[in-house]
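Novice: Chain by chain, the residues run as shown.
There are 4 protein chains.
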Amino acid sequence: MSHEKYSSVIEALHECMEACNHCYTSCLQEENVKEMAECIRLDRECADICAFLEQSLTRDTPYVKELAQLCVKACRDCGDECAKHNHDHCQKCAEACQRCADECEKLVL
Amino acid sequence: MSHEKYSSVIEALHECMEACNHCYTSCLQEENVKEMAECIRLDRECADICAFLEQSLTRDTPYVKELAQLCVKACRDCGDECAKHNHDHCQKCAEACQRCADECEKLVL
Amino acid sequence: MSHEKYSSVIEALHECMEACNHCYTSCLQEENVKEMAECIRLDRECADICAFLEQSLTRDTPYVKELAQLCVKACRDCGDECAKHNHDHCQKCAEACQRCADECEKLVL
Amino acid sequence: MSHEKYSSVIEALHECMEACNHCYTSCLQEENVKEMAECIRLDRECADICAFLEQSLTRDTPYVKELAQLCVKACRDCGDECAKHNHDHCQKCAEACQRCADECEKLVL
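Read top to bottom, the protein sequences are chains G, V, S and X.
The first sequence begins at 574 in the numbering used here and counts up one residue at a time.
The second sequence begins at 574 in the numbering used here and counts up one residue at a time.
The third sequence begins at 574 in the numbering used here and counts up one residue at a time.
The fourth sequence begins at 574 in the numbering used here and counts up one residue at a time.
Calculated directly from the structure, the hints in this document are not laboratory data.
Hints should not be assumed to be uniformly reliable.
Note that the list lumps identical chains together, so a pair holds whenever it fits in one copy or between two copies.
[To be verified] In silico lysine to aspartate or glutamate, EDC-like type, Cα no more than 20 angstroms apart, as pairs:
| # | residue 1 | residue 2 |
| --- | --- | --- |
| 1 | LYS679 | GLU603 |
| 2 | LYS665 | GLU588 |
| 3 | LYS679 | GLU611 |
| 4 | LYS578 | GLU678 |
Computed from a predicted model, the values in this text were never measured in an experiment.
If we strip away everything but chain G, and leave its shape as in the complex, we get (with noise of 0.2 angstroms):
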């Protein structure tokens, strides 16, 4: 079963996810938006990227060594932005989207 043999990958990715719209709604409610729009931005692509490998995983995808070298792409730029704020939406995502880069890289090699 493919989500068996990917399962803590597929779990970092709905971590992921989860925190990235977390702090993309956060976000959009805070007193300082303007400087949080790249934020917003990275925090929906790494959402969508993350959401869209967790269900190819799933399915037994072809794809998985190119999905997850750009989710890898995709969480650490996130995660990058994120860690310039201190908001605590911001500091969580960081970490997720770190985490979860990392579980990807595994996926790549």
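Given chain G's structure and the hints, the job is docking chains V, S and X onto it.
Specialist: Showing chains V, S and X alone in chain G's frame:
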């Protein structure tokens, strides 16, 4: 945090999406694939709708009720179709679908 | 062919998704991004729902009415919000949303 | 506007997604569905990847090259598989896939 408020339904949606996609890929490899055509089709519909609602909930969508209502229907249809087939993946998928429909019904009320 | 049967609504959905995503990225770059927060949020919801319905129609989903009903609501909400703002991308998005809602309403009847 | 900059590839992606999903639902209704299993599986992969790239382009994703590279691969695989089958929907899908791969290749360079 919306992903905490909705944690039990998100878990059910996730498990249903996994079960549907596993059933989908498994049905495509069965000897009697012709008899599984409707199961394959509904597996994909259900997996996509569950994945969509799952991500929507994590970003606090304003369309919870409408999406949940749709998801109940897709889960019941897929669960009823899967229950007709003896393959282990179909039986497990049927259970995951009905459980997910039960969880989603709570969001409709 | 389902994509021929649904060609006019598919075109409206596609244009609405494009207008919503263009409005979304443009709003994030506006000076008054804080006032655009709800517009940004509804743009994403509407774009995702339109894209989902669009793809579902091309594979002849059994859930046309339910998805169309959801889409009408998302388009009306997004169109009403966009109409409040003078940015060109908001005004164009408002039009695309209302046109798409009108097309989707035909699928609900 | 990103959807104007990318208009020819967006059109090719849209047509490919439609052709893949039409081929997918048609294959599921064929007498020889067992022989079509790989075609069905690749149709779905390709349709989902095309739809994802299409929407990403309309919101000016920073991951154009990575997504386009992935899409070229999915389109070539699906196009090659479809070309093996005589069904009209397979032949048309094969053409749409190769045309879409050609368009996406321009984004990779």
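Novice: Hints first: check each against the structure and report whether it holds.
Specialist: We went through each hint and held it up to the structure:
{"no.": "1", "hint": "LYS679 - GLU603", "verdict": "neither (35 angstroms within a copy, 31 angstroms between copies)"}
{"no.": "2", "hint": "LYS665 - GLU588", "verdict": "within (10 angstroms within a copy, 25 angstroms between copies)"}
{"no.": "3", "hint": "LYS679 - GLU611", "verdict": "neither (28 angstroms within a copy, 27 angstroms between copies)"}
{"no.": "4", "hint": "LYS578 - GLU678", "verdict": "within (15 angstroms within a copy, 31 angstroms between copies)"}
In summary, the structure is inconsistent with hints 1 and 3 from the numbered list given earlier, while agreeing with the others.
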